[in-house]
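Trainee: The listed protein sequences correspond, in order, to chains A and E. Each step along the first sequence adds one to the number in the working numbering, with nothing skipped, and position 157 is 157. Each step along the second sequence adds one to the number in the working numbering, with nothing skipped, and position 108 is 1108.
Hints in this document: simulated from the structure, not taken from any laboratory. You may find that some hints are simply not true.
As the list claims (entries may be wrong) - Computed Cβ-Cβ distance ranges for the label pairs, DEER-style:
no.	chain 1	residue 1	chain 2	residue 2	range
1	E	1059	A	61	42 to 48 Å
2	E	1241	A	72	36 to 42 Å
3	E	1319	A	124	35 to 41 Å
4	A	2	E	1272	52 to 58 Å
5	A	210	E	1272	22 to 28 Å
6	A	303	E	1011	16 to 22 Å
7	A	56	E	1167	46 to 52 Å
8	A	72	E	1018	44 to 50 Å
9	A	248	E	1194	51 to 57 Å
10	A	61	E	1176	42 to 48 Å
11	A	241	E	1350	55 to 61 Å
C-beta atoms are modelled at their ideal positions from N, C-alpha and C, and glycine is treated no differently.
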Amino acid sequence: MTLVEAVILTVITAATPLLIAAIGELVVERSGVLNLGVEGMMAVGAACAFAGAVTLDSTFGGFVAGAAAGMALSLVFALAVLGVAANQVASGLALTILGLGLAGVIGAPFVGARRDPIMQLQVPGLTDIPLIGRALFGQDPIVYLSFALVLAVFWFLFRTRRGLTLRAIGEDHASAHALGLPVIRMRLLAILFGGACAGLAGAYLSLVYTRFWSPGMTGGRGWIALALVVFAAWRPGRALAGAYLFGLASVLQLHAQAGAIRLPSQLLSALPYLVTIVALVILAARDRRATGAPASLGIPFVPDR
Amino acid sequence: MRVELVRRASPPALARALAPIAALAVALGLGAIFIWLLGRSPAAAFDVYIRSQLTDGWALTELAVKATPLVLIAIGLSFCFRASLWNIGAEGQLIVGAVVASWLALSGLGSSPWLLPAILVLGAIGGAAYALIPAILRVRFGVSEILTSLMLVYVAELLLDYLVRGPWRDPRGFNFPQTRLFTDAAMLPTFGDGGRLHLGVFLALVAVAVAWLVMSRTLFGYRLRVTGDAPRAARFAGFRPTATTLTVFAISGAMAGLAGIVEVTGQIHQLKPSISPGYGFTAIIVAFLGRLHPVGILAAGLVLALTFIGGEAAQIALKLPFDVTRAFQGLLLFCVLAADALVTYRVRVVSTAGKLA
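Bound-form chain E, shown alone:
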């Protein structure tokens, strides 16, 4: 007996749409087994991780706030991944975007209404510039973008660490490694009571809409889809891979940088040694769970945001380490990739008993 994969002539559209949901269901099942192996009740974990988060107003606000950076970054990454380019350093681009923009926020430049837009734009520029390093190394020298973009995450983390412990440390901050608090003019406006819901949430929604327009209604989006699906055809059509590489890296870096400065101006209001619990890496899962489609990414961003707030709640309520959440996120990505592959291929069990005779 042996197992064979057969490519489906045309994968059914329904299966394509349902694959991520099936993957999520399988991952949740495996997660329940994992929780049970750790000696906890899966039912109690479900209650803490999911049910109580979705039935509580405060938690729902938190869900939107946590989903914001994930959706922003994943939208950018979907451009890269569609072109089969592997920018896995979004975490570093997030940090550098936040750092570059914070330079303006901390410069003490008055309270002009243009200050905040300028800060956000600078965040995007910083992230894009940092993402262009692996892109340029790839198109100029042929260095794999996978390793260089990842290495630059560590460099960015150390840069941030240096700045908040060294030159940018708040002189009146009791020696804590953090910068001064941003002025009101350099903070994102907030909405609703509790003041947690900030303008960044709406920026993420705008990004989803714009990405959808670009992907489905422009020549650039079409070119990108062709490049990813049929690289040879793209070459024959005269699409330049160099320009595409630089463009998609700049886009994904800009989105990550924007996510970084939105986090800082909307939530943290200062720089600290750590400004992200790994949004740049989790966004990779968001992009795949959302099938690289803007609307799918929006939904997937909410799902992964739920793992973050559920994970934080479980730390307190169940004394489960946050690493359980990380492991679950990795498991989820495996399930999503396997489901994608199963939509593309049909698994056939072939009996070899007859052939041997």
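Extracted from the complex, chain A is given alone in its bound form:
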């Protein structure tokens, strides 16, 4: 395996959880809800997935457990912001704090355990093509699922009637409600979808990326996924590009750390966060007005009958 091939493969592994979490949050924000709790849902997803996989001795079961856990946690958030119109930013922070705590409690008994590598696609002939064979035809099912998710979300948002409804609700919930569109129900479904995606992304971290569980293993990836949604201007295709660019940057940082570059390791570790800030600034400076944010994003909705 050449170095280039190794880099491509690690970029895919680094980008996949970011992509899945970002695509879920993208749908949530398109419906006009800002859920800042991605980090917490990811952490719980990672812990429950690992606990589930070890207990059931099934990686598939682990992924299901992770997605279900993320979804369950997002339901708590939905109860607060949809049920009683609580402040969305603060509720998202509460979800993060709650999620990180719960993840620690759930994961603690499984510290030290390891999982076997996940099954990967094997197509005779195609997988053995040099350089791109394994990248295209030798990945695990979740990588293909993440691409399918991008396509499905794009199709749903821009090619279906329900997608149009969801976007209309995100742009102007008062008008949408006046037209008789089900604002609360669509937002609830969007939040649950976002929770399942965040949980799945966390599951990928503990079951594929590291194959063990450790406290704080999400390491801010949930926040980076949130930034990716802004970076992507709320478009699924751009989220895909953003996640892979970001994956590339973080892998190059790892190689720089291992290689000859004489910089403090902490500076290299800080790069993903600094790069994210710079990316947000460049994006905002380029087109100050048309960033593509849904107009009702983050505003509590209370129907006046």
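Given chain A, put chain E in place with the hints provided.
Mentor: The following block gives chain E in isolation, referenced to the frame of chain A:
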């Protein structure tokens, strides 16, 4: 059947005051269920987490010491949150304030009586400067302050880690990642026996009093309340949002930085890779539980400080991981936000059976 929210014309003042207490009661109930689900006795947990902490002199001192950074930071955050600005990076501002001020403390500059005040002021300046980064990015480029302030927490943690493992490491510290101990002149004076109660506790009380004066007795405080409650009215009145944004971020950063250097000069007396168990994040809960009011924040700071010392005691006595405490803190914030919303809105159950016919 469907549930509707109806905005109350004027929320009863009593409900407003009691909402945080009701939220705390609900959170404690849910916490008891959580403890029971973990297979422990809620009664024993209550004893360890709360009763034994409030009946022990040593623990009460510890309560005041732990509440100090929480109250200092939350007082600062209340200025931001009142203006509907989301500085969630207080943890990073705490670290940078402590780092900047420790530079002076470690510089070996004599024992002038001005050294300690200078260190504290430098801590506040460091925190304020760090908080101004997301504030400037917001007013200049329109970047959301939420994500940038949070990202800078990770950067600050790595900066501290670099300094204590690299250039600032104590050469005679047996390779431990920590700086030299501060000199006596760079430590906060302590009171009482045990020497745990330090001057920072009184600084927190002063901060509460000053914040109360500013909020209720100055034009700035009034402007802030209007900006938060009625942004449109504030614009018509000619209040400049740019100046307000920069000011409240500077205030909250300064308070967080002060909290950081108070922790270091009052308790730790040196820099280590970790100087805060997440005070900057917990302070967000303190600010909301205290209803963004200085006196409320003082009370809320004591409540959250109790979760910290109770959580530490439960780790030892009940072998319950500290993450149980974190989960409880998140749960508490949910309950507080829901209670706030329930004061603002009335929940009405509407029967739709008639309409369908």
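Trainee: Each hint needs a verdict: does it hold in this structure or not?
Mentor: Against the structure, the hints:
1. The given range of 42 to 48 Å is respected by residue 1059 of chain E and residue 61 of chain A, whose C-beta atoms sit roughly 44 Å from each other.
2. With their beta carbons about 39 Å apart, residue 1241 of chain E and residue 72 of chain A fall inside the hinted range of 36 to 42 Å.
3. Checked against the hint of 35 to 41 Å, the C-beta distance between residue 1319 of chain E and residue 124 of chain A comes to roughly 53 Å, which is inconsistent with it.
4. Residue 2 of chain A and residue 1272 of chain E have their C-beta atoms about 43 Å apart, which leaves the hinted 52 to 58 Å range violated.
5. Remark: the range hint 22 to 28 Å for residue 210 of chain A to residue 1272 of chain E is upheld by a beta-carbon distance near 26 Å.
6. Our hint of 16 to 22 Å for residue 303 of chain A and residue 1011 of chain E holds, since their Cβ atoms are close to 19 Å apart.
7. Roughly 49 Å separates the CB atoms of residue 56 of chain A and residue 1167 of chain E, a value that falls within the hinted 46 to 52 Å.
8. Between residue 72 of chain A and residue 1018 of chain E the CB atoms are about 30 Å apart, so this pair departs from the stated range of 44 to 50 Å.
9. Under the hint 51 to 57 Å, the C-beta atoms of residue 248 of chain A and residue 1194 of chain E, about 54 Å apart, fit the expected range.
10. As the Cβ distance of residue 61 of chain A to residue 1176 of chain E is approximately 43 Å, the hint placing it in 42 to 48 Å holds.
11. A hinted range of 55 to 61 Å is violated for the C-beta pair residue 241 of chain A and residue 1350 of chain E, which are about 46 Å apart.
Of the numbered hints stated above, those contradicted by the structure are hints 3, 4, 8 and 11, listed in ascending order.
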